[in-house]
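There are 2 protein chains.
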Amino acid sequence: MSEIFDETRALFDLPEGIIYLDGNSLGPLPRATAGRVASCVTEEWGKLLITGWNRAGWMEMPRRIGDRIGRLIGAEPGTVVMGDTLSIKVYQALASALELRPGRRVILSDTGNFPSDLYMADGLVRTLGDGYALRTVAPEDVEAAITPDLAVLMVTEVDYRTGRRHDMARLIEKAHGAGALVVWDLAHSAGALPVDLAGAGADFAVGCTYKYLNSGPGGPAFIYVAPRHADKVRPALSGWLGHQAPFAFDLDYRPGDGIERMRVGTPPILQLAALEASLDIWDRIDMHDVRARSVELCEAFIAGVEATCPTLTLGSPRNPDERGSQVSFRHPEGYAIMQALIARGVIGDFRAPDTLRFGFTPLYTTLADVEGAVMALSGIMATDGWDRPEFKARAKVT
Amino acid sequence: MSEIFDETRALFDLPEGIIYLDGNSLGPLPRATAGRVASCVTEEWGKLLITGWNRAGWMEMPRRIGDRIGRLIGAEPGTVVMGDTLSIKVYQALASALELRPGRRVILSDTGNFPSDLYMADGLVRTLGDGYALRTVAPEDVEAAITPDLAVLMVTEVDYRTGRRHDMARLIEKAHGAGALVVWDLAHSAGALPVDLAGAGADFAVGCTYKYLNSGPGGPAFIYVAPRHADKVRPALSGWLGHQAPFAFDLDYRPGDGIERMRVGTPPILQLAALEASLDIWDRIDMHDVRARSVELCEAFIAGVEATCPTLTLGSPRNPDERGSQVSFRHPEGYAIMQALIARGVIGDFRAPDTLRFGFTPLYTTLADVEGAVMALSGIMATDGWDRPEFKARAKVT
Chain A
1 MSEIFDETRA LFDLPEGIIY LDGNSLGPLP RATAGRVASC VTEEWGKLLI
51 TGWNRAGWME MPRRIGDRIG RLIGAEPGTV VMGDTLSIKV YQALASALEL
101 RPGRRVILSD TGNFPSDLYM ADGLVRTLGD GYALRTVAPE DVEAAITPDL
151 AVLMVTEVDY RTGRRHDMAR LIEKAHGAGA LVVWDLAHSA GALPVDLAGA
201 GADFAVGCTY KYLNSGPGGP AFIYVAPRHA DKVRPALSGW LGHQAPFAFD
251 LDYRPGDGIE RMRVGTPPIL QLAALEASLD IWDRIDMHDV RARSVELCEA
301 FIAGVEATCP TLTLGSPRNP DERGSQVSFR HPEGYAIMQA LIARGVIGDF
351 RAPDTLRFGF TPLYTTLADV EGAVMALSGI MATDGWDRPE FKARAKVT
Chain B
1 MSEIFDETRA LFDLPEGIIY LDGNSLGPLP RATAGRVASC VTEEWGKLLI
51 TGWNRAGWME MPRRIGDRIG RLIGAEPGTV VMGDTLSIKV YQALASALEL
101 RPGRRVILSD TGNFPSDLYM ADGLVRTLGD GYALRTVAPE DVEAAITPDL
151 AVLMVTEVDY RTGRRHDMAR LIEKAHGAGA LVVWDLAHSA GALPVDLAGA
201 GADFAVGCTY KYLNSGPGGP AFIYVAPRHA DKVRPALSGW LGHQAPFAFD
251 LDYRPGDGIE RMRVGTPPIL QLAALEASLD IWDRIDMHDV RARSVELCEA
301 FIAGVEATCP TLTLGSPRNP DERGSQVSFR HPEGYAIMQA LIARGVIGDF
351 RAPDTLRFGF TPLYTTLADV EGAVMALSGI MATDGWDRPE FKARAKVT
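For the record, the sequence lines run as chains A and B. Position 116 (the first sequence) corresponds to 116 in the working numbering; numbering is contiguous. Position 17 (the second sequence) corresponds to 17 in the working numbering; numbering is contiguous.
Take the hints with a grain of salt, since some may be wrong.
Which copy is meant is left open, so a pair is good if it fits within one copy or across any two.
Said to hold, decoys possible - Here are the computed lysine to any residue pairs in the SDA-like style, where the Cα-Cα straight-line distance is at most 20 Å:
#1 K174 / D289
#2 K47 / I342
#3 K47 / T8
#4 K174 / E371
#5 K47 / R9
#6 K47 / E173
#7 K232 / D283
#8 K392 / D122
#9 K232 / T355
#10 K47 / R36
#11 K174 / R126
#12 K174 / A352
#13 K232 / D122
#14 K232 / A376
Calculated directly from the structure, the hints in this document are not laboratory data.
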């Protein structure tokens, strides 16, 4: 297994002297991407001009790429399509799910969900009016809050702050038992851990590609709709490329077949080309290998930090089965610690009020990176006096 | 004036032997774009990684670029922001406009509007329910159809098929007189002709950048909101980057100031970089020069075709004041004629049932191009027998 990842690491263009533990926020540049994007610009757009839509296959990219991502998340062929941003895809999925549950008006989510998902749900329920509502509970209370009045449960599988992971199969079973549908946000799952949408009986899923899937800043999102639902909804965001015959230019909207109707406007071809280059790496990857290595990296990091940094408190679940591919530690001076760490070339990020967040991405993160990060962190803690016992006491009451 | 356009033409990378009259569908590649995109990929994303959001100014690109486009459409500084696709921006503008007219429920549009705008409006009124409705009339009947029950008039300034141009100032005055707001789609206006949004008292406007503005396939859209409205609406598509403090990760949505709230999700940085390279050309352009040259090119094309192709019927208004920067001709065998023309290296496009469409884009289209296109077209018409009088008769009854 480790040979695979020695090979994949060589496929990324990582700056010298950097340990990059923020691939859960923006993945690094694959070496092949610059060439693929340049070719899309000069050979396709430059030479084919408008005919690129057919001759370079641009029009089919959202479906073609959707299938490649589908393999990584356990989706059936033809059920995933690319486009827009994750926030827009959340709106689309939620609106569609609500339409499939007429008479029910409650969306349930949790306070660990990424805020944009909650904001988009808020915008949708305001637009729908008429008693529609968003209800939020703590992440650990989601299962108990699945009640028979629920229309849709909307959760992010892996919590962006803590790395806490929801049990997908269990929540789907519970929600379906209550007559509700589920919308999964896979922002911190796709490329991070094995996902089995079809096997778990998922209804809708959405996700982004610029984190673990390395599509670059602002890469397009994806949406999954289970085949049993795909032909039943009339999309709220009913754009021309989701029409049955976009180039007939009919005045009336007729939704395209299945997942096609989740397309909206003209797809971002340069960003899709960048994503294609990255997927050339992902196509050879088994997500179970990624998972095994991810757990190994995370466990090594937790053990190293806990052995050397007594005032840092683990903010992620200790059991790997309950975690995604990231680890958080908490400290009242977390912001300053992360700044010092970044200055030393170890790139993680900080989330208010006190969370240091580290992403572990087996395609290019090594055990040597983990050791280097632990050494840098423990060095900073000692040098700057952040390992004084008073910080531990403050962390405990946070 | 012609010296300006000699200079700008040299800034585009046009394939040898091609006369490109489809820049109203997809603009060609500026020479500087490949370098700018490559630098964004390798120097910014590759080297700065996550810090590119601040250090490369990515996070500010939607506003910074919005202002540059704003100059071309007569928008006040700070009133235009980039992102998403035109269809999404239509939905956002419409939803916001409707919210500013509580108690009114009718959107008026015309059958010459680009179908996706009608589809998005349809999706929105279905989502709103509760008596909201989309009403469409023929383009020439719009003014008369502005009635006191209207909430919003939604029109594309220049008809994508015929090039027919609505009178912006007049329709705004009429709509405001009836208590309605107006949403303008500038897809065929931005970069095509002078637009004076502020001067005309516009409320909302949206548009795309991959046509006249040469941002490349799938380049991002823009949205304009008049300063008097911008702080009053709570967006339907309430994404995190439109939040007052996106990185506070609040659970509740609080709209950002003014146009900021029209941002939704993570912006497409590679496509924005491509757009920036093109705007380096546009920054030096006076839209009145573009307009004068555009009229000259269109008039020469119409005169040339009418002098040599008796069975082609002008499908655009004859008066330049009533046209955008494109010319359509109709013929019952239009599809075959366009295919033959493209095979001869003259690239226009075809819109069912019988429209040959030609875009004139002064930044890189010359009078020699117009002459070459007329010669190719008249040659095809004669050689292939499409200039037989029977076609003229059929065209007339279409």
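### Query
Looking back at the hints listed earlier, which ones does the structure fail to meet?
1, 4, 6, 7, 8, 9, 11, 12, 14
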